[in-house]
Amino acid sequence: MSDNRLSVFKTYKLYVGGKFPRSESGRVYEVTDSKGKWLANAPQSSRKDARDAVVAARKAFGGWSGATAYNRGQILYRIAEMLEGRKDQFVREVADAEGLSKSKAAAVVDAAIDRWVWYAGWTDKIGQVVGGANPVAGPFFNLSTPEPTGVVTVLAPQKSSFLGLVSVIAPVIATGNTAVVVASADSPLPALSLGEVLATSDLPGGVVNILSGKTAEIAAPLASHQDVNAIDLTGADATLAKELEIAAADNLKRVLGPQPVDEGGAFDWSADPGTHRLTAFLETKTVWHPTGALGASGSSY
Amino acid sequence: MPTTAPAFSDATASDSALRRFLHGLPGVDAVGLEARAASLGTRSIKTTAKAYAIDLAISMIDLTTLEGADTPGKVRALAAKAVNPDPTDRTAPRTAAVCVYPDMAATAVAALAGSGVKVASVATAFPAGRAALDVKLADVRDAVAAGADEIDMVIDRGAFLSGHYLKVYEEILAVKAECARADGPDARLKVIFETGELSTYDNIRRASWLGMLAGADFIKTSTGKVGTNATPANTLLMLEAVRDFRAQTGVQIGVKPAGGIRTSKDAIKFLVLVNETAGEDWLDNHWFRFGASSLLNDLLMQRQKLSTGRYSGPDYVTVD
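Chains as they are written, first to last, in numbering that gives the first Met the number 0: chain A, 0 to 300; chain B, 0 to 319.
Because the hints were derived from the structure by calculation, they are not lab data.
Source: prediction; values computed, not measured.
Some hints could be false.
What the hints assert, rightly or not - Okay, the calculated beta carbon distance ranges per label pair:
no.	chain 1	residue 1	chain 2	residue 2	range
1	B	Leu305	A	Ser24	13 to 23 angstroms
2	A	Asp2	B	Gly40	23 to 33 angstroms
3	B	Gly40	A	Gly65	34 to 44 angstroms
4	A	Ser24	B	Asp319	32 to 42 angstroms
5	B	Asp102	A	Thr278	48 to 58 angstroms
6	B	Ser306	A	Thr278	32 to 42 angstroms
7	A	Asn40	B	Gly226	56 to 66 angstroms
8	B	Ala37	A	Ile245	38 to 48 angstroms
Claimed, not checked - Calculated pairs, SDA-like style, for lysine to any residue (alpha carbon to alpha carbon, straight line, at most 20 angstroms):
no.	chain 1	residue 1	chain 2	residue 2
9	A	Lys47	B	Leu305
10	A	Lys47	B	Ala48
11	B	Lys304	A	Lys12
12	A	Lys12	A	Asp2
13	A	Lys47	B	Val134
14	A	Lys158	A	Asn40
15	A	Lys58	B	Gln247
16	B	Lys304	A	Asp249
17	A	Lys47	B	Asp319
18	A	Lys47	B	Ser114
19	B	Lys304	A	Asn250
20	B	Lys264	A	Asp51
21	B	Lys45	A	Asn40
22	A	Lys58	B	Ser43
23	A	Lys47	B	Thr47
24	B	Lys304	A	Asn40
25	A	Lys47	B	Arg245
26	A	Lys47	B	Arg129
27	B	Lys45	A	Ala248
Heads up, the beta-carbon is just placed ideally off N, CA and C, and yes, glycines get one too.
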């Protein structure tokens, strides 16, 4: 092809319910790289897009939370496989978004892929770590198991547009929650491209829904939404986080408070993530089960 | 189109006269009809208009349970919901009626006594209507005797589609006769065409006129048991029929779309159709109904959103 070939620009779209809609409002906003150069127009989601995303996430919850942990692990690993094949695209997008050199961006993308693998491994292990048999004074087995909280709103970190994003989405869905993700406002392109990867990774539609736009505008209706069970405030600044936490109190949402991750970019997303993000959106279910007929001694033990 | 009422008595004089009349109705412009229905669906109904529309829609619902698994308990639960749809907000209006199978009519009547909510009962071997006339009439008699205020009958689509219009006509007349009550108001008769089985818009127009000529109090799109149920287009067509019928005879007839209307947005689109086609006279639950079950929960969630400013969720309405 000669040099005068016409450019083919990508239309970035939202990822909701396994589909790629434009914003219901029809709005877009300009996304620039770290130096202010125009990259693309991204959809600017409205509160109705947020509402639709919650409906999609709720619909997907039954199937995803009911899938076996082993199956969820396979799918999370599949996401890593798909990302591996599209690494070049993500390296380019991350380099543009965060102003990194190509080699540094490649390291970030590698770390993000490894993050999926890390959480893929956790899906069928977290139950043993945080659940278990409780000793009780009676002829019962008493077993606690972790259950997913439900629909979780995730405000992705504003600065770390890809590794940070993966680090907040993966632990939410690993345990069987479904997520409505609000991408970084200034750098949403890696998140919107991640939607394309998720759509081709056997992840059921609606398990992860990705919205781009003004964080405060989208987050407010999600925080007060009665059908959202938890909210992760990672990408909110202190003022917004306070407002959202107040709004979230109404239906007793679980709230994972904001970490000082974006203050000067101090938070190091490449560090070992630990399990606290996995356990933040789990409920403990405890069942009592009779051990069986009592023996002549009056005890089955 | 005929211009005088006496022409209608000629129209129903014989099978051939009826066929001549029904086939003489103007053909339906399918593309135009669907375009008109779609364009009316784009109206933006917000704030106070939306609040009005939601309450109106709730008051027009025939809250329906037509399952093989219906129990008296379920019917009573549904009746309680019809009387008091939103226990957290007593300003929510009642639904128009509860719609059940004939054997559940007595249960519904007892549960709704004195509430003002009517009891509608499907009858005539609903939903297929494939039974002998005697059986169908016995079905209607049962429901009327049980105290049903409204009877939802299905037409014999087999007879209609094979052109035996007079048979369909006489069957409706016979059912209408069974709706009479010596000791109280007659049961109102809703005639279900099962538009999804009539294949063409022309047939829906013919069925509408046939039903109206036979004395239907309501014409109703469908049973909710087939693939295609109420659509904006077929409801628009039926609204045009009742409008024209009143213009020519002075008799007002109600319309009930049923099946497939699940969201507030859809319901409001239908209300726009009613207002723009038949007119304000039909914006009342005496003349327009929604046959629906899950629609009510969506309307209640929208209502809660309007009153609190927060999006509501399925945890805040009943599980039916």
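Hints and how they fare:
Range check, B/Leu305 to A/Ser24: Cβ separation about 20 angstroms, and the 13 to 23 angstroms hint holds. One distance hint, 23 to 33 angstroms for the beta-carbon pair A/Asp2 and B/Gly40, is violated here, with the actual separation near 49 angstroms. The given range of 34 to 44 angstroms is respected by B/Gly40 and A/Gly65, whose C-beta atoms sit roughly 36 angstroms from each other. Hint check: A/Ser24 to B/Asp319, Cβ distance near 33 angstroms, so the stated range 32 to 42 angstroms holds.
Our hint of 48 to 58 angstroms for B/Asp102 and A/Thr278 holds, since their Cβ atoms are close to 53 angstroms apart. The hinted range of 32 to 42 angstroms is satisfied by B/Ser306 and A/Thr278, whose Cβ atoms lie roughly 36 angstroms apart. Our hint of 56 to 66 angstroms for A/Asn40 and B/Gly226 is violated, since their Cβ atoms are close to 40 angstroms apart. The hinted window of 38 to 48 angstroms between B/Ala37 and A/Ile245 holds, with their beta carbons roughly 42 angstroms apart.
At roughly 14 angstroms between alpha-carbon atoms, A/Lys47 and B/Leu305 fall within 20 angstroms of each other, so this suggested pair holds. For the hint pairing A/Lys47 with B/Ala48, the CA-to-CA distance comes to about 19 angstroms; that is within 20 angstroms, so the pair holds. As the CA atoms of B/Lys304 and A/Lys12 are separated by approximately 27 angstroms, the hinted pair breaks the 20 angstroms bound. Only pairs whose Cα atoms come within 20 angstroms are accepted, and A/Lys12 paired with A/Asp2 is rejected, the gap being roughly 28 angstroms.
At most 20 angstroms may separate the alpha-carbon atoms for a hinted pair to count; A/Lys47 and B/Val134 exceed this at roughly 51 angstroms. With a C-alpha separation of about 19 angstroms, the suggested pairing of A/Lys158 with A/Asn40 holds against the 20 angstroms cut-off. For the suggested pair A/Lys58 and B/Gln247, the alpha carbons sit about 49 angstroms apart, so the restraint of at most 20 angstroms is broken. Of the pairs offered as hints, the one joining B/Lys304 and A/Asp249 holds, with about 14 angstroms between alpha carbons and a cut-off of 20 angstroms not exceeded.
With a C-alpha separation of about 26 angstroms, the suggested pair A/Lys47 and B/Asp319 falls outside the 20 angstroms cut-off, and the hint is violated. Only pairs whose Cα atoms come within 20 angstroms are accepted, and A/Lys47 paired with B/Ser114 is rejected, the gap being roughly 37 angstroms. Taking the CA atoms of B/Lys304 and A/Asn250, the gap is about 14 angstroms. The hint holds against a cut of 20 angstroms. The hinted pair formed by B/Lys264 and A/Asp51 meets the criterion: a straight-line CA distance of about 13 angstroms does not exceed 20 angstroms.
Between B/Lys45 and A/Asn40, the direct Cα distance comes to roughly 29 angstroms. Violation of the 20 angstroms bound is thereby established for this hinted pair. Among the hinted pairs, A/Lys58 with B/Ser43 is inconsistent with the structure: their alpha-carbon atoms are about 27 angstroms apart, more than 20 angstroms. Of the supplied pair hints, the one linking A/Lys47 and B/Thr47 holds, its CA atoms being roughly 19 angstroms apart against a limit of 20 angstroms. The straight-line distance between the Cα atoms of B/Lys304 and A/Asn40 is roughly 32 angstroms, outside the 20 angstroms bound, and the hint therefore fails.
Our distance criterion of 20 angstroms between C-alpha atoms is broken by A/Lys47 and B/Arg245, whose separation comes to about 41 angstroms. For the proposed pair A/Lys47 and B/Arg129, the alpha carbon gap of about 46 angstroms is over 20 angstroms, so the pair is violated. Between B/Lys45 and A/Ala248 the alpha-carbon distance is near 28 angstroms, which puts this suggested pair outside the 20 angstroms criterion.
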